[in-house]
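Number of protein chains: 2
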Amino acid sequence: MRELVNIVGLERVVSDIGQEIESDYARWDEFDKSSRHAVHVRNGVIELMPTSDGKRYAFKYVTGHPNNTHKGLLTVVAFGVLADVDTGYPHLVAEMTFATALRTAAMSAIAARWLARTDSRTMAVIGAGAQSEFQVLAFHTMRGIKNFRLFDTDGAAARKLVHNIQALPQHDICLTPCKSIEMTVDGADVITTVTADKRKATVLMPKHVHPGVHINAVGGDCPGKTELHVDILLRPDAKIFVEYEPQTRLEGEIQQLDASSAVREFGDVVRGRVAGRESDLDVTIFDSVGFALEDFSTLRYLSRINQERGGQREYIDLIPELDDPKDLFGSLMGSRRGSRLSAVR
Amino acid sequence: MRELVNIVGLERVVSDIGQEIESDYARWDEFDKSSRHAVHVRNGVIELMPTSDGKRYAFKYVTGHPNNTHKGLLTVVAFGVLADVDTGYPHLVAEMTFATALRTAAMSAIAARWLARTDSRTMAVIGAGAQSEFQVLAFHTMRGIKNFRLFDTDGAAARKLVHNIQALPQHDICLTPCKSIEMTVDGADVITTVTADKRKATVLMPKHVHPGVHINAVGGDCPGKTELHVDILLRPDAKIFVEYEPQTRLEGEIQQLDASSAVREFGDVVRGRVAGRESDLDVTIFDSVGFALEDFSTLRYLSRINQERGGQREYIDLIPELDDPKDLFGSLMGSRRGSRLSAVR
Chain P
1 MRELVNIVGL ERVVSDIGQE IESDYARWDE FDKSSRHAVH VRNGVIELMP TSDGKRYAFK
61 YVTGHPNNTH KGLLTVVAFG VLADVDTGYP HLVAEMTFAT ALRTAAMSAI AARWLARTDS
121 RTMAVIGAGA QSEFQVLAFH TMRGIKNFRL FDTDGAAARK LVHNIQALPQ HDICLTPCKS
181 IEMTVDGADV ITTVTADKRK ATVLMPKHVH PGVHINAVGG DCPGKTELHV DILLRPDAKI
241 FVEYEPQTRL EGEIQQLDAS SAVREFGDVV RGRVAGRESD LDVTIFDSVG FALEDFSTLR
301 YLSRINQERG GQREYIDLIP ELDDPKDLFG SLMGSRRGSR LSAVR
Chain U
1 MRELVNIVGL ERVVSDIGQE IESDYARWDE FDKSSRHAVH VRNGVIELMP TSDGKRYAFK
61 YVTGHPNNTH KGLLTVVAFG VLADVDTGYP HLVAEMTFAT ALRTAAMSAI AARWLARTDS
121 RTMAVIGAGA QSEFQVLAFH TMRGIKNFRL FDTDGAAARK LVHNIQALPQ HDICLTPCKS
181 IEMTVDGADV ITTVTADKRK ATVLMPKHVH PGVHINAVGG DCPGKTELHV DILLRPDAKI
241 FVEYEPQTRL EGEIQQLDAS SAVREFGDVV RGRVAGRESD LDVTIFDSVG FALEDFSTLR
301 YLSRINQERG GQREYIDLIP ELDDPKDLFG SLMGSRRGSR LSAVR
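Residue numbers (the numbering used here), protein chains in the order written: chain P, 1 to 345; chain U, 1 to 345.
Chain P with its partners taken away, still in its complex shape (with noise of 0.2 Å):
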């Protein structure tokens, strides 16, 4: 990914993630769908997310331990595979952490581009850990975002935040660090959310939520952890989306909500069914968790930019080559096709 990055470009890459997540979003229909599989562990949890649109077939698998940073380990790990359809065999194993971040930010800018007023000039970031630079600079390349303003309790996480984005070559970006998140959200188009706490927290107040703002609600992605207080989704002008209902269900800041409440689709947005933003007054709000398909865009992306810019590859020997591959057990033990025909009746 680092080697890709240097050659196509970050913006060109964020961007074309997008892209790729959009246009499939359009296509929803065809998607195998399925909330991820997840086992809680002892210091976090361990996840895998499948899914395929008939032609490819795509898994992440993807970690999150919050304690792994006191050991010089990343929180998040991910890797994925993309397998042909037809045949069932892998053709691409990669390395997905920085994908991952790359592909979660791509598709909050892709979500605000339906969901956020198209007059929207400030963000607030609330959160300034491994995800929030790269919202800083989807937003920016994707919606023209200038202004940022940033809030985290953590200053060393606040101060490695501002030094990567100067370190960027874009010079019209505009990041102010704030003291409070009343100062953050102050005069803000788009609220993110990206704090890690693993708990039910209420990061954002209904007295921080003004009309016409759409929150991009990225930190609260797993049962037991939330980052909005429930009033805000409880607004009469607050219009909720998601990603794939059931998963978020279990995962997004609906959890605080009954079942039955009304919520969204993204893909159903994407494709003209039901209606995005529908007035400059809108609250809304991108419930974010992460769902299979932007990752099996993401794969697909990079197999493709892979082949064509020629990126680093290696080969595994990930799958056996059998002579006769009716002859599982004869290749194992190195038989040979020829020498066994003859020596059968």
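Check each hint, because a few of them may be wrong.
Since the list gives no way to pick out one identical chain from another, each pair is judged satisfied if it fits inside one copy or across any two copies.
[Said to hold, decoys possible] Listed next, the in silico DSBU-like pairs over lysine-lysine satisfying Cα-Cα at most 35 Å (straight line):
id, residue 1, residue 2
1, Lys33, Lys55
2, Lys326, Lys200
3, Lys326, Lys33
4, Lys326, Lys146
5, Lys55, Lys200
Derived by calculation from the structure, the hints in this document are not laboratory data. Keep in mind it's a predicted model, so treat the numbers as computed, not measured.
Please arrange chain U on chain P, whose structure you already have, making use of the hints.
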């Protein structure tokens, strides 16, 4: 796997895997269990089979594409990943096409240890596909069966099996190809059905089943695919054993029964919670579909034996190494820790 089998020996590998599986079923309670995730595609099925014992996490990717052999490809291909639960980091990616064949046969032989009559001497094998030699080898090695009777409608498949078994160094295996299922099951103490038809077939009829026999039903392993006539399952003297009941209800022979019908989980037999065979006249049926625990046991074995015996290893960059795990973005952009920390106030 070829190299490992060369170094360690096939008999040793299959019986070691059987021991690992049995010891894991003896701690059935410790495992996170779920039915496998299956995507049914045009030509077959693609499955993910995850489980964890709270220390290690494993999953297998496995396919079933019956028409693949026409293209010179394998019907079933598989690979697996073993990860550390504490960190979520994967530490083994292994080819499992051969390993799946080995562990399926090892599981059958282990189940027969608890379910077949101890004086079993003769096994009928119905079906001469990819799994059949492995079944013969496992029952010979692990159960001491020396007489095998074979039936397949495909003469070439039967000849392949005869040849492969004759090529083994074990000279005390007597394998008799038969012209009908009646002749094959005549006098058999164990009947192994291992056909690959992807439909509700009735390979084994009630007239083929006599008191005291153990039926090792391996071939029926997905929705709509069965091998036994339902009246065999309904015999008053029949006792049905399954790996993980929720999955077998979907995939096993017991698809043909009411969801409330009595079955016994094998883990409960190994732990002494329920009886296995209770009389020499019982008809025991192991309704095998393959459960994630068996792949978990196999991957752990492969990991250990590969370390001990110096099997082939290659290292792949599946997870990036970061100077600062809290700085994903900076790492992607190639910034250096030293310069970053000094550049920010």
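Worksheet item: Between Lys55 and Lys200, at a C-alpha cutoff of 35 Å, which is it: within one copy, between copies, both, or neither?
Response: Result: close only across copies, 27 Å inter versus 39 Å intra.
Item to complete: Tell me, please, which holds for Lys326 and Lys33 at an alpha-carbon limit of 35 Å: within, between, both or neither?
Response: For Lys326 and Lys33, the Cα distance is within 35 Å both inside one copy (33 Å) and across copies (32 Å).
Worksheet item: How do Lys326 and Lys200 come out at 35 Å by Cα distance, when the copy is not named: within, between, both, or neither?
Response: between (54 Å within a copy, 23 Å between copies)
Worksheet item: Under a CA distance limit of 35 Å, which applies to Lys326 and Lys146: within one copy, between copies, both, or neither?
Response: between (61 Å within a copy, 25 Å between copies)
Worksheet item: Under a CA distance limit of 35 Å, which applies to Lys33 and Lys55: within one copy, between copies, both, or neither?
Response: Classified as both: same-chain Cα gap 14 Å, cross-chain 30 Å, threshold 35 Å.
Checked against the numbered hints above, the structure violates none of them.
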